[in-house]
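Residue numbers (the working numbering), protein chains in the order written: chain G, 572 to 802; chain R, 572 to 802; chain S, 572 to 802; chain D, 572 to 802.
Any given hint could be a false lead.
Pairs involving identical chains hold if they fit within one copy or between any two copies, as the list cannot separate such chains.
What the hints assert, rightly or not - Mimicking EDC-like on lysine to aspartate or glutamate, the simulated pairs with C-alpha atoms at most 20 Å apart in a straight line are:
{"#": "1", "residue 1": "LYS790", "residue 2": "GLU712"}
{"#": "2", "residue 1": "LYS785", "residue 2": "GLU705"}
{"#": "3", "residue 1": "LYS586", "residue 2": "ASP727"}
{"#": "4", "residue 1": "LYS785", "residue 2": "GLU695"}
{"#": "5", "residue 1": "LYS785", "residue 2": "GLU708"}
{"#": "6", "residue 1": "LYS749", "residue 2": "ASP620"}
{"#": "7", "residue 1": "LYS621", "residue 2": "GLU582"}
{"#": "8", "residue 1": "LYS640", "residue 2": "GLU625"}
{"#": "9", "residue 1": "LYS586", "residue 2": "ASP620"}
{"#": "10", "residue 1": "LYS790", "residue 2": "GLU706"}
Simulated from the structure, these hints should not be mistaken for laboratory data.
Protein chains: 4
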Amino acid sequence: MLEELKYQVYEANMKLPEYGLVTFTWGNVSGIDKEREYFVIKPSGVDYDKLSPEDMVVMDLEGNKVEGKWNPSSDTATHIELYKASRDIGGIVHTHSTWATSWAQSGRSIPCYGTTHADYMYGEIPCVRCLTREEIEDEYERNTGRLIVEYFKGKDYLAMPAVLCKDHGPFTWGKDAKEAVHNAVVLEEVAKMAANCELINRKVQPAPQELLDKHYFRKHGENAYYGQKRS
Amino acid sequence: MLEELKYQVYEANMKLPEYGLVTFTWGNVSGIDKEREYFVIKPSGVDYDKLSPEDMVVMDLEGNKVEGKWNPSSDTATHIELYKASRDIGGIVHTHSTWATSWAQSGRSIPCYGTTHADYMYGEIPCVRCLTREEIEDEYERNTGRLIVEYFKGKDYLAMPAVLCKDHGPFTWGKDAKEAVHNAVVLEEVAKMAANCELINRKVQPAPQELLDKHYFRKHGENAYYGQKRS
Amino acid sequence: MLEELKYQVYEANMKLPEYGLVTFTWGNVSGIDKEREYFVIKPSGVDYDKLSPEDMVVMDLEGNKVEGKWNPSSDTATHIELYKASRDIGGIVHTHSTWATSWAQSGRSIPCYGTTHADYMYGEIPCVRCLTREEIEDEYERNTGRLIVEYFKGKDYLAMPAVLCKDHGPFTWGKDAKEAVHNAVVLEEVAKMAANCELINRKVQPAPQELLDKHYFRKHGENAYYGQKRS
Amino acid sequence: MLEELKYQVYEANMKLPEYGLVTFTWGNVSGIDKEREYFVIKPSGVDYDKLSPEDMVVMDLEGNKVEGKWNPSSDTATHIELYKASRDIGGIVHTHSTWATSWAQSGRSIPCYGTTHADYMYGEIPCVRCLTREEIEDEYERNTGRLIVEYFKGKDYLAMPAVLCKDHGPFTWGKDAKEAVHNAVVLEEVAKMAANCELINRKVQPAPQELLDKHYFRKHGENAYYGQKRS
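Let's have the full structure, built from the sequences with the hints guiding it.
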């Protein structure tokens, strides 16, 4: 079942080592089908160089395994909370990529210092608080998802397709698994440049709002003119 | 038309990922023909690994597309302002390369800390101000070009073939597209070493003028003696 | 003799350059046999690209060479002290990997700033003191081992499979040579992210104990649920 | 003439891009023959990927070209001063490698923070002053060599096979061209780790003298026991 989605999710997972975003098995990608009944996710702890499309695990949104020989990623419950919270999210990525994780560990949101950031993410990339002892001890992964969803209540997931979980690492998403991986790459590059930028000028201020608006809307929304869509 | 120039500009574009200066499609190279009637530029948002010489777009200096199936780079208007400002400029590069962009985001010009810098760029690499709200909202890319041209009024473009645009990133140029890419590589390396250098010694001072003169004129002008040109 | 172990130790050694953990011959891996009578270690100063399984040196725990045409690694005496101290240790790695060595040189233990660290190492990664003049001048490598063993007295080697030796570099270990190399890779990544993290937020605090417990026990012990072991 | 030496110097030059020590043509290696009459050096400004053994230039110690179709490296006069100063030097390397150059630009000598450094270089790696205006304007490259030689008067070139020239970059040497390249690689790694180390602990102190002695003499001199030489 869902052979095409499995293949897409497999391919998206394989992009993580290709872009240098994962060490060992420290990452996972999922994608949801159009009816939003089932989603497909990487199996837990399986090496990328041994992965094949058939290893992908099919799950429902109640957390039941529908098909697959492996256990799903240990972060599956986080993915479920995000899929349930927004129909805009078609794919989700979790990594421990170096610079995004360094920001997450530092407990700081990433200010928007320039157009590389503004082209994809509108405003500062939020770092949500660490979970409480109770939230950690019971349903840890699900509570991670709930905390993200709580932060995004009333916000546009596609205008800010990334979040940092304090003391842990980043999640990104997009309209499908491929776009979620694209955003994970952007996040890592933006995180690295923001740290460099503060190193070069400790008093640096975020870019002005009008520049953020310009770059974001150059690529998003009905007046977008970047790329080939309108030609 | 302009098949040779298209091929040169294509090859120069392909050097950007080879030298690690671009992620995804975050860069573009153009080159102008000898009569300076038409220039050739990368299409907007097309992946480097799918690019071919025939994808290059031919434009005139009024911003009209002369030939090509794709939209030109969204930064085309910036390129035009530069070509119109100086006949010395035969090729132009824009990237979001990591360290040059980090300096641009920080809003600081890059001091000349040594001979690696002085061999190619005479003096500090300027960071021009962020555009005003009005300049951003209307003709953003063209105003970016105008701001650069305003800064370089009365200056020698080939003695300083690079500029940083605050909150955005670098542009470099040269006598042709290939040399513009060469300067983009130099800029990235110089930007990285300048940041490292300040990290190692927070009170570091720029190199003395006589050293800058020596290295720059060892490679440029009629008394140059680096390389094989005079043998 | 011990052909299978030699091959395992050879393969583990070859992972060091593959993961970018060694320059030239600055690293060595050993593994001990099940009876814990003999262990196999890389020869001293032999290039990785010329290494073969037959080059591995078989040693006993008194430091006598049992088989092999080469001298064993100059750090052999350190490996012996560790093997003698704990039957949990089946393989040992020493490297001069960039970030772990930078922390070792700085004389600081690596605080646990997040779950990447907590997934493998329980608490801060200790940096043991520099040896005294007497300890250095006589039996230097053996005293390095003794100092590590002294620190770990009463502690669980597998809960903290890494140590930094001040002014020198890291040692890691595991249930076999392969796992010891795995931990060397984790250590390098964790060391890099901890330095980044302090750069981004100079006042960063270690992750809370409950998060460390959660991640460590998600992967270790009888209630572990990461990966495929329980499926 | 000197076909074997040309080949060795060619091979040593090709190691510079392989180890990531040069961008474009920013480096050169030379080696001297046993009679110390002639030395062989890379031609100036020739791309590494077009270099062949026959391109090497044969020079005498008065700076006359003895054989070769190209101009020798523009740094030839610096190499000559070093060869004339010490018969211990059989090969010389100049690069603009990132971290060594960053230290050179910062004007600081590299303190010895650990055993990676101590294994190859005895004590802090000196940064010599910038040349005066007069020294720069006339015989710049030769004066660079003279300044290094002045610093090393009465010192052992092989105990400290590296120097940083302020605002410029490093030179390294060794008993032949291959060893000089080896030392250039060591220098770059040591320079990177020293900067990291100061970042992690701003109050870090150099390693104690007894540790430096131990590691240096473990590899050098008649009591050396690292590697296979004595087996």
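For each hint, the structure was consulted:
1. In this assembly of identical chains, LYS790 and GLU712 lie within 20 Å of each other by CA distance solely across copies; the values are 14 Å between and 33 Å within a copy.
2. With identical chains, the CA atoms of LYS785 and GLU705 are at most 20 Å apart between copies only, with a shortest distance of 11 Å across copies and 43 Å within one.
3. Proximity of LYS586 to ASP727 under the C-alpha cut-off of 20 Å is found in neither arrangement, the shortest distances being 26 Å within a copy and 37 Å between copies.
4. Within a single copy, LYS785 and GLU695 get their C-alpha atoms as close as 16 Å, which meets the 20 Å cut-off; across copies the closest is 29 Å, which misses it.
5. In the homo-oligomer, the alpha carbons of LYS785 and GLU708 lie at most 20 Å apart only across protomers (7 Å), although the nearest pairing inside one protomer, at 44 Å, exceeds that limit.
6. When the C-alpha separation of LYS749 and ASP620 is checked against a cutoff of 20 Å, the pair qualifies both within a copy, at 19 Å, and between copies, at 17 Å.
7. Taking identical chains as interchangeable, the C-alpha atoms of LYS621 and GLU582 lie at most 20 Å apart whether they share a chain (13 Å) or sit on different chains (18 Å).
8. Taking the shortest Cα distances, LYS640 and GLU625 sit within 20 Å of each other inside one copy (9 Å), while across copies they are farther apart (39 Å).
9. Taking the closest pair of Cα atoms, LYS586 and ASP620 come within 20 Å of each other both inside a single copy (12 Å) and across two copies (15 Å).
10. Taking CA atoms no more than 20 Å apart as the test, LYS790 paired with GLU706 passes between copies only; the shortest distance there is 18 Å, against 38 Å inside one copy.
When held up to the earlier numbered hints, the structure conflicts with hint 3 and nothing else.
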